[in-house]
Each structure stands twice: as structure tokens, then as C-alpha cells.
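Note that the protein sequences, when read in sequence, are chains A and B. Numbering-wise (this note's numbering), the first sequence opens with residue 1 and increments by one. Numbering-wise (this note's numbering), the second sequence opens with residue 1001 and increments by one.
If you are wondering where the hints come from, they were derived from the structure by calculation, not from laboratory data. Small disclaimer: the values here were computed from a predicted structure and weren't measured. By construction, the Cβ of each residue, glycine as well, lies at the ideal position given by its N, Cα and C atoms. Hints may be right or wrong, so weigh each one.
[As the list claims (entries may be wrong)] Rough simulated footprint, nothing fancy, chain B against chain A, three-plus residues with beta-carbon under 8 Å:
no., stretch
1, 6-14
2, 157-166
3, 177-189
[Said to hold, decoys possible] From the structure, some residues in chain A lie toward chain B, with a derived Cβ separation under 10 Å:
no., residue
4, F69
5, Q173
6, F193
7, F197
[Stated by the list, open to error] Away from chain B, derived, C-beta distances all over 10 Å, residues of chain A:
no., residue
8, L85
9, Q127
10, L203
Listed here are the chains, written in short residue letters.
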Amino acid sequence: MGHKILQALPYMLGGIAYTVGITVIALVVGLVIGMILALLRVYGGKYAQKFAAIYVVVLRGLPSLVVLFIIYFMLARFIDLPPFLAGCVALGVCSSAYQAEIFRGAIQGVPFGQMLAARALGMTKLQAITVVIMPQALRNAIPGWSNEAAVVVKDSSLVYAVGLAELLRRAQQVAARLYAPLAVFAVTALIYFLLTFGVNRLLGWVEKRTRIPGMTEVR
Amino acid sequence: MFRLRIASALLLVVLVVTAVSCKSEPANLWEKIEQEGKIVVGTSADYPPFEFVDEDGNYAGFDIVLMNEIAKRLGVEVEWQDIGFDGLIGSLQTKKIDAVIAAMSATAERDEQVDFTQPYYIGMDAILVAEGADFEITSKEDMAGKKIAVQAGTIQEGWVDENMGDADISRYERAEQAVMDLKSGRVDLVAMDFFAASNYLKEGGVVLALETEFASEHMAIAIPEGSSALQAELDKIIKELQAEGFIDQLALEYLSEE
Chain A
1 MGHKILQALP
11 YMLGGIAYTV
21 GITVIALVVG
31 LVIGMILALL
41 RVYGGKYAQK
51 FAAIYVVVLR
61 GLPSLVVLFI
71 IYFMLARFID
81 LPPFLAGCVA
91 LGVCSSAYQA
101 EIFRGAIQGV
111 PFGQMLAARA
121 LGMTKLQAIT
131 VVIMPQALRN
141 AIPGWSNEAA
151 VVVKDSSLVY
161 AVGLAELLRR
171 AQQVAARLYA
181 PLAVFAVTAL
191 IYFLLTFGVN
201 RLLGWVEKRT
211 RIPGMTEVR
Chain B
1001 MFRLRIASAL
1011 LLVVLVVTAV
1021 SCKSEPANLW
1031 EKIEQEGKIV
1041 VGTSADYPPF
1051 EFVDEDGNYA
1061 GFDIVLMNEI
1071 AKRLGVEVEW
1081 QDIGFDGLIG
1091 SLQTKKIDAV
1101 IAAMSATAER
1111 DEQVDFTQPY
1121 YIGMDAILVA
1131 EGADFEITSK
1141 EDMAGKKIAV
1151 QAGTIQEGWV
1161 DENMGDADIS
1171 RYERAEQAVM
1181 DLKSGRVDLV
1191 AMDFFAASNY
1201 LKEGGVVLAL
1211 ETEFASEHMA
1221 IAIPEGSSAL
1231 QAELDKIIKE
1241 LQAEGFIDQL
1251 ALEYLSEE
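Chain A on its own, in the form it takes in the complex (with noise of 0.2 Å):
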């Protein structure tokens, strides 16, 4: 059995470069759009912050497969997006929620007297965001940023849910061909937790390439 499991592997294997696509495309898109919605939460005016309140309190209440269906099926008669797509705009808009909510704590974590004191050296308001409150509030957010990317390499299983057979669905197959779900699903698992601790300690190699020194305290 388990020379039969070591035959399928290359296959199942075929399927990371699906879930791979898929994490990074989705934790782009989510990064553009949180990012926007967490400056205007902060910086916006009324309805702005209004808007970007709205939209992430809606998205995080809604499963991200519930997200998918909705873009896959119901959005299938304006445009016709091909299931790996789907999965990217469906995982990128529901983790563009939760990211808006890591940034908005992460320039919230900036003391706020800096962009007063910005602003009296004379510069204005986006400068001061640019230059001064941005740069640091990113370093802030990488922690829970990780976070976030962990949970979009596992939720891009839910692709299979619409035909894209990504790691998941291909681990699925080989358990059902072999009658062995347990083998397979352990090798499947094992596959998840390297891919998710492989991203973490990149962000962590990041944090710490980028950390300024004597700003953070290092114990």
C-alpha cells in the first residue's frame, strides 16, 4: 500500500502548484483591497469609513465557500469565470476582510502624535501616511499577516468544490482508488503543514530582515 501511495504522490504533488496559484493570487487581491479598505477606515471620511466597516463585517459573517458558490454559480450568467478564477477572486475578497482588519490595528498601533508631528514639519496628510505611518504599521502588521496566509493555503481546498482538482481533491482520488483514506490523508496533511510553515518562516525571515533596529524591543 504504501509503495501505491509513493506512486500516486507525483500526482497529488501536480496538485500544489494549483493551491500554491491559488493562495498567492488570493492573498494578493486580499492585500490590495484590505489595504485600501484599512486607510479608509482610518483616513476616510464619513462614508468611507462607513463603506469599509460595512464590507468587512459582511464578508467576515459569510463562508468562504458560500463566497465561491456565489461567484462561480450565481455571477456565471454576467461573467463566466473558469473555476481556478473563481477561486482566486472568491478566497481573495473573503481574506481582503480579515487583511483590512490586520492593517487597520497596524496603523492604529502607530502613535498617533507621529502624524501630528509630521504634519507641523510641514507635510501633508499623504505624505505623512507614505512616509511615516505606512512603513511601520506594515512592520506591525506581519504577524498577523502571517496568520492570515496560513489560513488562505488551507482554505484553497475549497477550489474543489467547483472542479479544480488542487491537492485536496487529488488527495480525494488516490483514497478513493486505493481504499486507503487514511495513508493518503495523512500524506495530505503532512504536504499542508510544510506548505504553511514554509510561508511562516519566510514572513518571519521578513520581519526580521526588515526590523528597524532599536524600535522594537528585542529580548
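Put chain B on the given structure of chain A with help from the hints.
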């Protein structure tokens, strides 16, 4: 402000044009398939021996070979899409795929959502129990009071629901999960398709308690509602294949034990 209005008017025109042009796609599904030279077929490749993915990552099984032969006779290619069983009907309704072959029974409920060809195969049901079970199942009455496991969306689930309404029923996304729970003792018996069960019997740990025709599956190819031209083409070929003995031969090859 004026320019903005022109822009939004243009945008509106574009939207309307795309909406209208979307509607004027080929009205007849069979014509579309013929034109494109391919039929997009959905299946759920986790149900051996009917449909599964072989060692080389290719689709294989009774339904797969059958559909490939049907397409060959239609003069088109098959583009396979592997979708979870629960998502098949939805994909068909939203025209993501042209047809479904997935050991699917033509039930009345499903017939309201989609259309079916004439049955290409009539299946049997198996009642499985764990090895060394201390009870016997010889009739429907023996199943009363037992913990019953079924795969969600299968015809056996429908039959159990209708006839064993007050029983303790566990529903699983996939058949293999139901068999796993049977082995671990969480349920007393599994009701599933006879041929799908035969492979689990070979694996051991479970035994056949009863071979029956409770639910009597009439497996058919599902197509979107109202695609009568496609239905006629498929029906014709299925009859042909039955008359030639192709389907019986296939059943012998894929579905019979040993």
C-alpha cells in the same frame, strides 16, 4: 460633470450590448457541441469502479469508457471536468458543463432540475455490515433501529429517507467515509450501490449482508433541462450500444467481481 455623464452613458450602452449579446448564444445545446467539436462532461472521479483517476492521472472507469465511446460516435471530443457529486447538478443548471455521467440515478427530484437520457444501466444496492456483526439483515424490516450510513445525494439516501424515516441516518460526502465509519463501529450498516460496494468487500473489514433492488438505480446521463436535441442524439447511441452488447461487455469488464 458633462464628461462623466457621457462616460456613464457609454458604460451603460456597453453593458446593455454585452447583456444582449450574451442572450443570443446558440439556442440549441447540441448545435453548440457539434460546432465546437467537444462536449464538456462533469463527473465525480472518486467513485470506483464507475469513475476514478488511475495511476497515470487519467480518468478511468465504467462511465468514463462509456461516455468516451458515446462521444466518439457523436463525432466530438470529451472535455472531462471533475466536480464533487453535490456540485454536478448546479454546474449543469448554470451551463458550466453540457452533461453529467456519474453513476447518477434518474430520480423524480433530479428530473425536476435537469433532464435525463434513457437509462444506460440498472444497478443493484448492497447493504454492508462490519465483519463479525452480531445481527443479520435479510429484509427491510431488519434495518429498523439500526444506525444507517449513506453517501449524501445518492439514491440509497433517498430510499433510506423515505422508508426508514425514523432511523438514525448518517450522511457522508463520500462513500469511503461511510465505510470507514462502519469499520470503526460508529454505524451499523451502509447502504450503497452494489458494484461500488464490491471493491470495499475485496478490501475486507466489511461483509455483504444483503444484495437487493430496494432503490433500483436507473443510471442515466444528465443534461440541462430542455436540451431535447442532445437528448435524442444520446438516446439513439445508448440504444445502439445496448443492442450491440457494448454496455454488457463493459459491465462485465468493470463491474463484475474478480
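Right, here's what the structure says about each hint:
no.: 1; hint: 6-14; in the structure: holds (count 4)
no.: 2; hint: 157-166; in the structure: holds (count 5)
no.: 3; hint: 177-189; in the structure: holds (count 4)
no.: 4; hint: F69; in the structure: holds (8 Å)
no.: 5; hint: Q173; in the structure: holds (4 Å)
no.: 6; hint: F193; in the structure: violated (22 Å)
no.: 7; hint: F197; in the structure: violated (27 Å)
no.: 8; hint: L85; in the structure: holds (13 Å)
no.: 9; hint: Q127; in the structure: holds (29 Å)
no.: 10; hint: L203; in the structure: holds (32 Å)
In the structure shown, a violation is registered for the earlier hints numbered 6 and 7, in ascending order.
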